[in-house]
Amino acid sequence: MNNHLFYLIHRFICLLCLFACTGPVYGQQVDVKERTLSNGMKLLMLERHHSPTIAGGWVVRVGSVNERPGITGIAHLFEHMMFKGTPAIGTKDAKRDAEIINEQEIVRDAMRLEESKMRLALRRGEINDLEKAENKTPRYRELEVKFNELIKNQREILVKNEFDRIYTTAGASGMNAFTSNDMTGYFITVPANKLEMWTWMESERLLRPVFREFYAERDVVFEERRMRTESTPLGKFQESLEALFWESHPYGWPVIGWPSDIPSISKAQADEFYSLYYAPQNITLVLVGDFKVEEAEGLCEKYFGRIPRGKKRIPEVVTSEVAQKVEKRMNAEAEANPQVDILWHSPAAGHPDARALKVLAAVLSGRSGRLHKSLVLDKELATTAFAQQMSRKYAGMFNVGGESKDTKTPGDVENGIYDEISRLKSELVSDRELQKVKNNFAAIAVRRTSSNFHMLLQLIQYEGVDSWKAINTEIPNILEVEAEDIQRVARKYLIKENRTVATYTRKAGVKAPDDPSLAGLSADQQAVVRRISKQIKLEKNKESLEQQLKTMEEQLGQAGEKQEGLMKIIMIKIAERLAELSK
Amino acid sequence: MFRIFNIKKRYFLIIAATLVHFFVHAQEIPDRPEKLKFSPLVYDPPNPVDYRVELSSGAIVYIYPDRERPLIDLSFNIRGGSYLDPDGKEGLAGMTGYLMARGGIPSKLADELDEELEFLAARLSSNFGGLNGSVSLNLLSKDVDRGFEILKAVLAAPSFQQDKLDLRKSQVVQQLKKRNDDSSSIESRERNFLAYGDNFWFNRYLTDVSIESIRREDLLEFHHKWVHPKNFIISVSGDFDRDEMLNRLNRVLDSWPHKGQLAPQVPQQQKYGKPGVYIVDKDVNQGRVSIIMPGIRWDHPDYYAIQIMNDILGGGGFTSRITNRVRSDEGLAYSARSSFPGGAFYPIVFRAGFQSKSRTVLYAASIVLEEIDKIIKEPVNKEEILTAKKSFIDTFPNNFSSSSQIVSQFASDEMIGRFSKEKDYWGKYRDRIEAVDIEAVQLVAKKHLNLDKAIVLIVGQKQSIIDGHPDHPVNLKRLTSGSVQDLPIRNPLSMKPEK
Numbered sequence: 002m003n004n005h006l007f008y009l010i011h012r013f014i015c016l017l018c019l020f021a022c023t024g025p026v027y028g029q030q031v032d033v034k035e036r037t038l039s040n041g042m043k044l045l046m047l048e049r050h051h052s053p054t055i056a057g058g059w060v061v062r063v064g065s066v067n068e069r070p071g072i073t074g075i076a077h078l079f080e081h082m083m084f085k086g087t088p089a090i091g092t093k094d095a096k097r098d099a100e101i102i103n104e105q106e107i108v109r110d111a112m113r114l115e116e117s118k119m120r121l122a123l124r125r126g127e128i129n130d131l132e133k134a135e136n137k138t139p140r141y142r143e144l145e146v147k148f149n150e151l152i153k154n155q156r157e158i159l160v161k162n163e164f165d166r167i168y169t170t171a172g173a174s175g176m177n178a179f180t181s182n183d184m185t186g187y188f189i190t191v192p193a194n195k196l197e198m199w200t201w202m203e204s205e206r207l208l209r210p211v212f213r214e215f216y217a218e219r220d221v222v223f224e225e226r227r228m229r230t231e232s233t234p235l236g237k238f239q240e241s242l243e244a245l246f247w248e249s250h251p252y253g254w255p256v257i258g259w260p261s262d263i264p265s266i267s268k269a270q271a272d273e274f275y276s277l278y279y280a281p282q283n284i285t286l287v288l289v290g291d292f293k294v295e296e297a298e299g300l301c302e303k304y305f306g307r308i309p310r311g312k313k314r315i316p317e318v319v320t321s322e323v324a325q326k327v328e329k330r331m332n333a334e335a336e337a338n339p340q341v342d343i344l345w346h347s348p349a350a351g352h353p354d355a356r357a358l359k360v361l362a363a364v365l366s367g368r369s370g371r372l373h374k375s376l377v378l379d380k381e382l383a384t385t386a387f388a389q390q391m392s393r394k395y396a397g398m399f400n401v402g403g404e405s406k407d408t409k410t411p412g413d414v415e416n417g418i419y420d421e422i423s424r425l426k427s428e429l430v431s432d433r434e435l436q437k438v439k440n441n442f443a444a445i446a447v448r449r450t451s452s453n454f455h456m457l458l459q460l461i462q463y464e465g466v467d468s469w470k471a472i473n474t475e476i477p478n479i480l481e482v483e484a485e486d487i488q489r490v491a492r493k494y495l496i497k498e499n500r501t502v503a504t505y506t507r508k509a510g511v512k513a514p515d516d517p518s519l520a521g522l523s524a525d526q527q528a529v530v531r532r533i534s535k536q537i538k539l540e541k542n543k544e545s546l547e548q549q550l551k552t553m554e555e556q557l558g559q560a561g562e563k564q565e566g567l568m569k570i571i572m573i574k575i576a577e578r579l580a581e582l583s584k
Numbered sequence: 388m389f390r391i392f393n394i395k396k397r398y399f400l401i402i403a404a405t406l407v408h409f410f411v412h413a414q415e416i417p418d419r420p421e422k423l424k425f426s427p428l429v430y431d432p433p434n435p436v437d438y439r440v441e442l443s444s445g446a447i448v449y450i451y452p453d454r455e456r457p458l459i460d461l462s463f464n465i466r467g468g469s470y471l472d473p474d475g476k477e478g479l480a481g482m483t484g485y486l487m488a489r490g491g492i493p494s495k496l497a498d499e500l501d502e503e504l505e506f507l508a509a510r511l512s513s514n515f516g517g518l519n520g521s522v523s524l525n526l527l528s529k530d531v532d533r534g535f536e537i538l539k540a541v542l543a544a545p546s547f548q549q550d551k552l553d554l555r556k557s558q559v560v561q562q563l564k565k566r567n568d569d570s571s572s573i574e575s576r577e578r579n580f581l582a583y584g585d586n587f588w589f590n591r592y593l594t595d596v597s598i599e600s601i602r603r604e605d606l607l608e609f610h611h612k613w614v615h616p617k618n619f620i621i622s623v624s625g626d627f628d629r630d631e632m633l634n635r636l637n638r639v640l641d642s643w644p645h646k647g648q649l650a651p652q653v654p655q656q657q658k659y660g661k662p663g664v665y666i667v668d669k670d671v672n673q674g675r676v677s678i679i680m681p682g683i684r685w686d687h688p689d690y691y692a693i694q695i696m697n698d699i700l701g702g703g704g705f706t707s708r709i710t711n712r713v714r715s716d717e718g719l720a721y722s723a724r725s726s727f728p729g730g731a732f733y734p735i736v737f738r739a740g741f742q743s744k745s746r747t748v749l750y751a752a753s754i755v756l757e758e759i760d761k762i763i764k765e766p767v768n769k770e771e772i773l774t775a776k777k778s779f780i781d782t783f784p785n786n787f788s789s790s791s792q793i794v795s796q797f798a799s800d801e802m803i804g805r806f807s808k809e810k811d812y813w814g815k816y817r818d819r820i821e822a823v824d825i826e827a828v829q830l831v832a833k834k835h836l837n838l839d840k841a842i843v844l845i846v847g848q849k850q851s852i853i854d855g856h857p858d859h860p861v862n863l864k865r866l867t868s869g870s871v872q873d874l875p876i877r878n879p880l881s882m883k884p885e886k
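Going down the list, the sequences are from chains A and B.
Add 1 to a position in the first sequence, counting from 1, and you land on the number used in this note's numbering.
Add 387 to a position in the second sequence, counting from 1, and you land on the number used in this note's numbering.
In case anyone wonders, no lab produced these hints; they're calculated from the structure.
Take every hint as true, because none was put in to throw you off.
In silico lysine-lysine, DSSO-like type, Cα no more than 30 Å apart, as pairs:
id, chain 1, residue 1, chain 2, residue 2
1, B, 422, A, 93
2, A, 237, A, 326
3, A, 293, B, 424
Footprint (simulated), chain B over chain A, 3 or more residues, beta carbon under 8 Å:
id, region
4, 45–54
5, 190–204
6, 362–369
7, 374–385
8, 441–450
Note that the Cβ used here is the ideal one computed from N, Cα and C, for glycine as well.
The following block holds chain A by itself, in its conformation from the complex (with noise of 0.2 Å):
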């Protein structure tokens, strides 16, 4: 009963607020309707007529941040597990279904004491790859024959992917979710007369869930770490960029978990991670289209009111990043061009210093953006560049970058960048410029509602960190920012011993390029370089190589840019021959 009266203050007091608010904001305020269920559950509703569809969706707030060492990819692996069903939804027969999960768990847990000897060898050398199907043990071998004779039993009573069959049948599409650092969202769009289906399907999933098939699903994850990070040109680098990035922090392993944690998660830490955060007290449900609200909030106090809440209270995630102390750098050769990502930590979402580095950022960005005009038009180091603040619920990272110009290298726009980032400490931005940005975030409130789905969207974005509430404070606050508010931000936390720099060069085919100053070059142009730095090691004649000096030095200037930097490193190589000539 407290906890009732508490909503309905608070809500009022932000009601108020926004009253005082409106006045000069362009875009629409989003007309949220909220309430809590009996479970403590949270409701938003937005009506929206325009098709005769509804999204909704939930959120979920567990993300990889509330994991720890030894089930990194768990909440992730959760969202995968979330499509598999209920006892009604998935099996011909929910009893014996239920007895073979069981008996597929004691085998499981014999094999793990098998991969626990695997991992063992493997520290002692005796194997290479706990991958590997040859390196197996013998014992699991057979467990395993065990554990997929039981597979092909549940399979005979499995009614495959049924929960996707009964939406897809309504006629609902585009179910999917997501897992972030903060968050687990799940959605779909149903037709509007399918409003009572969607609080069925969501709530069954919610009260009584089945992990049937979790062991094969565990695999798909895998395949998922290699499609989006292993086999990617930059994916494992970006991996290793954060987590050097952040030291302390929780945000410092991948969503998707390390390849050593993914495929030892059991099923008895799902369930335990599972009755723990996916309590009602924990969620919020999000409804935008064609409904009414009160018949909604009926459905879904019906529905998911039943959901028992949870019993422990949520842990918080107390371990902050330690304040960092010095520069830290990495570089990588990757099939991937040239390329610089510079990130520095910076406030969490909701602080405003938050939002004065989203104007700093913007005020970088774009193509009349400071970066375009300095490094891409006026220095000519990069062929792109970028800037962004992202605001995380516990932490954020401001971040620029670019591709360097091919006679460039990394280096160049690197320094190119802290040139910019100097200019914003030392001196205040126009208004004119700050105007700009402005405009911009203005129109971003006007362009919001675009659909539905895009609306739930946000919602359970905005839900996740904190509250939808600042969907719709978050521009005016925003447009609040003065140029002051940039420069003391540039100062405080653009700085050296704040920021994690990558540097990428280019991995030429197989061989790494043996000599440093052809980093960044391509192949090609490897080639012309190496060949002619073997002629001027030949060469022994002084006078010569010193004519060939003055004369490229002349031609500098009316060389192209292409030719430029390939000039300048072959003009380097004459001058060390010469040097070694001169001992």
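Could you slot chain B onto chain A? The hints should help.
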């Protein structure tokens, strides 16, 4: 006063909550969702004729005033594209398209224009793809006058500044260098070579040389020839008065400064590759696979039955067979699916594809081939066909969920000739899907899926892939009836095979 209001409101809500509580628990929750009752949903799609206007200049416009937000969303779709690139100047259409909005206008240099547009928070972009191009503007309705001045200049008299051309060339060459970085780019490129032949317009790739050869005069010529009201199909929605907007459009299009030509037919001469297995060796720990077969166009009489057949086979996500077996049963891939689109201007191939760790690539491929064989040989079941049909029929309103989606859908129909061939395409759509039965599905599977013509393309670590998985041995040579062949990596700049 607020205090009183607050108390009243609170009481009201508590009473309401109690009532709701009492009421809802009166009805039992059924044990299966099928037992729920739903009111019928009647939906009539919008009719293109209601939105279509033919302007005096010959341009077609689809127009939908919608005052929900103070925004205007406008797109000039232009017939023509890279299929019109002259030999040796591959990339000309793309360059022209990009620089129309980014290369300045008579009254303003490109950088000044960017500055002004960003100050207005307007989004202007232009491009030419393979078959058509567009100039799009999304802006606040208060800026409509200025927006149309800019739009007219960008459409009719772009400057194509030399410095912006040089910059764009260097950016494009930079892009070309990435061509082999991601195995997915290699896969889609080689798939197109195998599906349509080296000489199909689609497979004339731009190179560093072709980009280098493009001059400003080439852009002007391409622009004068093809960017013309005769080739325009316009879609516009948002905060405006219909007649006023039509007048604005007429003022942009009447007395066009260039003569222009009607874009010619899209070339059709395709050459499907020799059936068999093709491998590109690339050092990534997950192999990518495409299995292709000859395809159809959207106006083929079998189109509807093919859509249902493909949905059951691998197009319907988690309700489809390929996803069920490769992903859910075996955990071999994150994404495993098939597509059988009707091409707009030329037949587009059937494709089944997935990504799997090197050593299970062949096993997964054998499962996909097995499923294709099965849908050819055995009829699908009643439940499958019901789900597939519902997924098209009951999601039908999703095609028209906003004003901008409605006009752009109709503009695209106009572009591919659907409107001129079948004005009532969407009106008949659901009945045509409904008419597909089990026999029809099997008939099109037998007719359009031909395993003797299958081409299997694999990109990944060749040796590990061939080694396969000890528990699931699959012989590469017996995957298809055709031969096994290595495909070389192409030089990213010249597209010539290396080694």
